[in-house]
Amino acid sequence: MATDIRRELEDATESADLPLSSIDARGTLLGFIGVAGFVALWYVASLFQPSYVLPSPLAVAETFRAEAESGEMLIALGQSIRHWLPGAVIGTTLGVAAGVAFGWSRLLDDLSAPVVRLLRPVPPLALVGFAIAWFGIGDAGAAFIIAVGAFWINFYAAYGGVEGVSEDLLDVARSLGVEGDLELVRSVVIPAASPEILTGVRTGLGRCWMLVVASEIFGVPGIGRRILRAGQNLQVDVVIAYILVLSLMFLLVDVAFRAVQRRVLAWR
Amino acid sequence: MALNDPIGTQVSVDNVSKQYSGKGGPVHALSEVSFGVEDGEFVCIVGPSGCGKTTLFRIIAGLEEPTDGSVRLGGDRVEGPTADMGVVFQEYHLFPWRTVRGNVAFGLEKGGVSAAERRERVDSLVDLVGLEGFADSYPKELSGGMKQRVAIARALATDPSLLLMDEPFGAVDAQTREMLQNELLDIWEQTGKTVLFVTHDVEEAVKLADRVVVMAKEPGRIRDVIEVDLPRPRSRSDADFGAYYERVLGLIRE
Numbered sequence: 001m002a003t004d005i006r007r008e009l010e011d012a013t014e015s016a017d018l019p020l021s022s023i024d025a026r027g028t029l030l031g032f033i034g035v036a037g038f039v040a041l042w043y044v045a046s047l048f049q050p051s052y053v054l055p056s057p058l059a060v061a062e063t064f065r066a067e068a069e070s071g072e073m074l075i076a077l078g079q080s081i082r083h084w085l086p087g088a089v090i091g092t093t094l095g096v097a098a099g100v101a102f103g104w105s106r107l108l109d110d111l112s113a114p115v116v117r118l119l120r121p122v123p124p125l126a127l128v129g130f131a132i133a134w135f136g137i138g139d140a141g142a143a144f145i146i147a148v149g150a151f152w153i154n155f156y157a158a159y160g161g162v163e164g165v166s167e168d169l170l171d172v173a174r175s176l177g178v179e180g181d182l183e184l185v186r187s188v189v190i191p192a193a194s195p196e197i198l199t200g201v202r203t204g205l206g207r208c209w210m211l212v213v214a215s216e217i218f219g220v221p222g223i224g225r226r227i228l229r230a231g232q233n234l235q236v237d238v239v240i241a242y243i244l245v246l247s248l249m250f251l252l253v254d255v256a257f258r259a260v261q262r263r264v265l266a267w268r
Numbered sequence: 001m002a003l004n005d006p007i008g009t010q011v012s013v014d015n016v017s018k019q020y021s022g023k024g025g026p027v028h029a030l031s032e033v034s035f036g037v038e039d040g041e042f043v044c045i046v047g048p049s050g051c052g053k054t055t056l057f058r059i060i061a062g063l064e065e066p067t068d069g070s071v072r073l074g075g076d077r078v079e080g081p082t083a084d085m086g087v088v089f090q091e092y093h094l095f096p097w098r099t100v101r102g103n104v105a106f107g108l109e110k111g112g113v114s115a116a117e118r119r120e121r122v123d124s125l126v127d128l129v130g131l132e133g134f135a136d137s138y139p140k141e142l143s144g145g146m147k148q149r150v151a152i153a154r155a156l157a158t159d160p161s162l163l164l165m166d167e168p169f170g171a172v173d174a175q176t177r178e179m180l181q182n183e184l185l186d187i188w189e190q191t192g193k194t195v196l197f198v199t200h201d202v203e204e205a206v207k208l209a210d211r212v213v214v215m216a217k218e219p220g221r222i223r224d225v226i227e228v229d230l231p232r233p234r235s236r237s238d239a240d241f242g243a244y245y246e247r248v249l250g251l252i253r254e
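From first to last, the protein sequence lines are chains H and S.
Take the first sequence: its position 212, counting from 1, is numbered 212 in our numbering, and each next residue is one higher.
Take the second sequence: its position 9, counting from 1, is numbered 9 in our numbering, and each next residue is one higher.
Looking at chain S on its own, in the form it has when it is part of the complex:
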């Protein structure tokens, strides 16, 4: 960790802009986006489609470079993908030729971890996401919700300080989504990881987050950051939940 690390700030996004060259001149996918995520915090980024949230996700993950600005993780500048960030994608992207156990073990195979230790760690992660009994199954044998659990376990395997997720529950049915949301909150509480979670679903953001970063489009930018001061577990039938929901939705519609 760098010496100039502001205490407690896990992720800091500073003035990130991204331009693509389009047919009718440059397209401003992101314009001067800045925000921070505290250590152990659960932050959701929510916005309409086309607001650049997936671009922002890819830049934070180190998979794309910003045109301007920078991203820091634990004080160190992100200059490419790093195992200190566990990344979860909407479409799971499991390695189909590996079993559940093999997928979870992927990030641990570069040496440094003994086989016995690796096995123990993998098994405990498989248990953590509730897939005991499926450790030797191949991805083709799993449902969408189960695949996403594997992806989460795989992302946690290298013990990253940040879990970065891009609409992870966007491809599963409503019932499974609700279940996965609760499980993610459990995992978050158990592991104390910092979570940065991208979604287009306002309800999901209000349900999960300590703070919601609301984005707007054309150009992609931050409209406001809302602190959700509600005890967990949260229920959408609460009046307070509804108030937050309306407030975030209002910001998106503005």
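Chain H with its partners taken away, still in its complex shape:
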């Protein structure tokens, strides 16, 4: 028997390398070269522009250091996280839950389709009025705007994932005694749709960092507020320094989430 299996294993299909887990030295090196090239290009361009149009990378680095040392940057980051985190968590949770429910239930889907089409194109920024009216000028209002952005990304990702779940797997589960919608969703639909759901969560978390700027447009303090104010004062170096903070946070969260994703989806 063992040799039979070994023979079969030889023609076992495409299991060799996983697209998610390849970290190659060549890619990393090229990435560094790309970054260096970009900074060099920026530097050269900045030589021909006044600093209020395009400050040099060195000037930005200096501003970044000053803002970091004064503690301003950390305070602004802390303020932004106070609405990024609840916004992302609430928007993601509700988005995934609604996407799974509407993707699974034909009834819910038919009922909601027109409403979804109506609400979907509304940009989160357009909801500032509601944010203020419902939650006031504060973290809750800002979190609301972020949550709306996260909601739709997760809604569509989960919805699509659930729609793609194979009818055959559901048949197998039923024939193994799984009864009722809730049990099927728990034991088959969610795990089967988890790659799409997790891609949605990841995209959504990134989008939430972008929405930090929009969510602070009506006066809530944080990184976004700092960027908007510096922009009005033509302090382009400050703008770029705080954009860098957002980029770094995005990167940090993305790398961490990818590690989680890789573990959870090891079966792929």
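No lab work stands behind these hints, which were simulated from the structure alone.
There may be inaccurate statements among the hints.
One-sided and incomplete, this derived list gives chain H residues near chain S with beta-carbon spacing under 8 Å [as the list claims (entries may be wrong)]:
no.: 1; residue: 172
no.: 2; residue: 176
no.: 3; residue: 267
Being a predicted model, the structure only gives us computed values, none of them experimental.
We put the beta carbon where it would ideally sit given N, CA and C, even for glycine.
Chain H is already provided as a structure; the job is to place chain S on it using the hints.
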């Protein structure tokens, strides 16, 4: 089990018909199909493509409803999928996010079975299908033949009285198919399960079955039921094997 259960009859298919509405009027996928399977018997359903054998399989499994007629398992009417029937599909349909062990355990997780007992049962089934050493592998790491072994173990986990299989070895190469056929016969002999096995392969049917239900198409119906009175293991080079083979093939071609 119901009181009116005819002794020894495990599955009874009574006057099952199935119609679909097609473009040019109703399509008769199945027309008044009736047959029974005895307890512990190995029955193959064989027929040309389009004879409705997969529809019949789905109706017996409770995955589709007949337009007319009924299916009984151990005397109880089949009204939906039931864990008392182990179902194996041609394309395996393993849960890709679960390991071999996790797939086999799936049907045992609804409570009633303690974790220790479940583990023991799963391990013994994994051994039964010859996958010891692969218990923690994911389906993507397995060949087609190995996947089908997992599917068989998974179907046996709930200790069903009937193993219902739809062309289970249709997607593997000839060598693996032969191996799996022999293993299935071993499992059948060891466990004493009733097996109902759908195939389009006449040789496979004659090799495996106690009785072969031969179907015809347009409309899908039973042409004849042939009892294969040959000792096992059967070899296709035997003259008697050849005679049965020709007879079944003749019925299909009629």
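Here is how each hint holds up against the structure:
1. 172: This interface hint holds because 5 Å falls under the 8 Å limit.
2. 176: holds (4 Å)
3. 267: holds (5 Å)
Violated hints: none; the structure is consistent with every hint.
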